[in-house]
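The task is to assemble the complex, starting from two chains supplied on their own in separate frames and drawing on the hints.
Chains as they are written, first to last, in the working numbering: chain A, 1 to 287; chain B, 1001 to 1074.
None of these hints come from the bench; they were simulated from the model.
Computed from a predicted model, the values in this text were never measured in an experiment.
Each hint should be verified, as a subset may be incorrect.
Label-pair distances were calculated between CB atoms; the ranges are [what the hints assert, rightly or not]:
1) B:M1069 <-> A:F264: 57 to 63 Å
2) A:G164 <-> B:H1033: 38 to 44 Å
3) B:K1010 <-> A:P246: 24 to 30 Å
Every residue gets a Cβ at the ideal spot worked out from N, C-alpha and C, and that includes glycine.
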Amino acid sequence: MGLEYVRISPGFEKYMPKDYVDLVQYGQFGKQIDVQQLGQFKELVEEHPMCAGCFMAYFIRIFYASLPKPEDTIVIGTAGCARLALSQAAVPFIYGNYGDTNAVASGLKRALSIRFPDKEKDVVVIAGDGGLMDIGFGMTMHSWFRREKFTTIMVDNEVYGNTGGQESGMTPKGVQLKMAPKGKQFDKINAAELAKVSGCVYVAKLAPTNPKRIAKTVRRAILAARHFGPTFIHAYTSCNIEYSIPTEKVLEDARKREKQDFGFYEWMTDEVKEFFEEIEKGQEVKA
Amino acid sequence: MYYVADVDEKNCAKYNCKQCVLFCPEPNTLMYHDSKHVAWVNYSRCKGCAICVYVCSDLLKRNCIQMVMMTAGE
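Chain B with its partners taken away, still in its complex shape (with noise of 0.2 Å):
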């Protein structure tokens, strides 16, 4: 089981902000959806470090993203 990052899809829509993806650390892990303009979890990347939620939560306050436990294989 492991820790990682979960954008609420319907919420994050009505932003378009993808500030998220502009701070995480990881590559290729955050990622933005061209034509639904939400952003998406490549869950097998995350390393669980929650900047993403940070930058939602704290600094926009939009609570968009929350950190989920996963089991391998989900």
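Okay, chain A solo, but in the shape it has when bound (with noise of 0.2 Å):
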């Protein structure tokens, strides 16, 4: 995409959606929005069928309007529940087999870059625990071993939602779901560590409960992938459904799990640190 194939041809408004013209005119594209005024902007994503309270949902939303540069953007997603939002944005999404997705964002973001060797496009990957771990293992691994330039946001709801309940990789150790009533037998995969042993040149492991932080984490992601190499984060999105959290509950859980095991971790190689230092210097950066 660009800005030119967002803008409305002169004209043409009248016959145009309501909610496309109010996209154009009052959403993202090319404008620097900080994720504080959320609520006060046409959000690039729209109505989706996830459940009442998922928090993948309110993560991926968050995703969406902390993007740097939304119409220079491609998601890539796979099967799982976060198709079913990213799908539903007005960004370019291209959707992988199941457990490809880092191999057809390294073929896409090469590809780019001879494209249109003078802009910036950014390829990120948003896909489940089960795409990424389990089933996508090996392409995930391969990509950052080959150092691509593209960054990959795993959503870790810790089971296989969409079919019913199975467990995962990332389902921790001893929790019993609808089609493991045994209990998960082993401990769950520690995918940040992994990430920086592959190549990762920035990796984070968060949980939503603080918007600006997200933002704040994404755009550093983002950013990182451009000059870098590949970047990681790994986000606890709660299955409401599988893990039986009422609804109301959902953001408690989330800060009951920051306090246990998914505590902010950010890690960065030397030359990204002075690279942010440089790019935030005189900029807000709490979070």
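See the structure below:
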């Protein structure tokens, strides 16, 4: 895409759907929006069929509000809950086969850098724990080994939520699920450490309890991927259906998990740290 | 009939806090009025999860949002 594709040709405003006209006039395209302005502009993501109170939907909402350049971004997803909301946004979305998101993203990023050598095009993979750490594990790891320059975001709901509640590699040890009645026998995979040793230049782990911090982390991951190499965010996005969390307690659960095993963690290489110190100098960087 | 969030405008206008808007999982649903400085709900999009009620009542103790029963077309 690009800004020219988004704009409406003069005279055609009255024929376009109202939501689209709002998006161009009051949306994020071509502007630097602060996540604190949410509720005061037209958001990129539209109505979607994700469950009431889903915190994965919440993370995706904040993710779209924090994109540094939505008109030059392509999002890649795969089977799993996240794709239900990702496909309803005004940002190009590619649906990879289960497990091959990072392979698709590698090719896409390389093609974009040949086609648009003088433009920065961001490629972001958002997939669940199954898509990235179970079924897509090999392709995810190899994209990191090859130092492909794109961002990988894992929205970790710790279960296969779409297919009835099977355990995944990211399910914590001992948890009983509808289709895992004996309880998980093994520990949760330490994805952040794997990313660190596999070549990622920026790794973060968070629970979505602070929108400003999510926005800062997403922006940092995308900016670092533009210049240095693969970046990875591991976000806890609970499944309130499979884990039987009442919808009004979803935020409370995220706050609880943040105190237990999802405390905010951020790691980056020295050159990335220098880069951020340079660009964030003078900007408000509190989170 | 379905459950939706409803903001008590008079009470909400006292605080100018906007925290419920920042924690709603649905896009373009819980909005913020620039000049009135109150949150307002787009009822046809609200899924009734009540996370905003948790933020407003349990976390901030401001009690400005309630869940109400609505009929289609209201």
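Evaluated hints:
{"no.": "1", "hint": "B:M1069 <-> A:F264: 57 to 63 Å", "verdict": "violated (39 Å)"}
{"no.": "2", "hint": "A:G164 <-> B:H1033: 38 to 44 Å", "verdict": "holds (42 Å)"}
{"no.": "3", "hint": "B:K1010 <-> A:P246: 24 to 30 Å", "verdict": "holds (29 Å)"}
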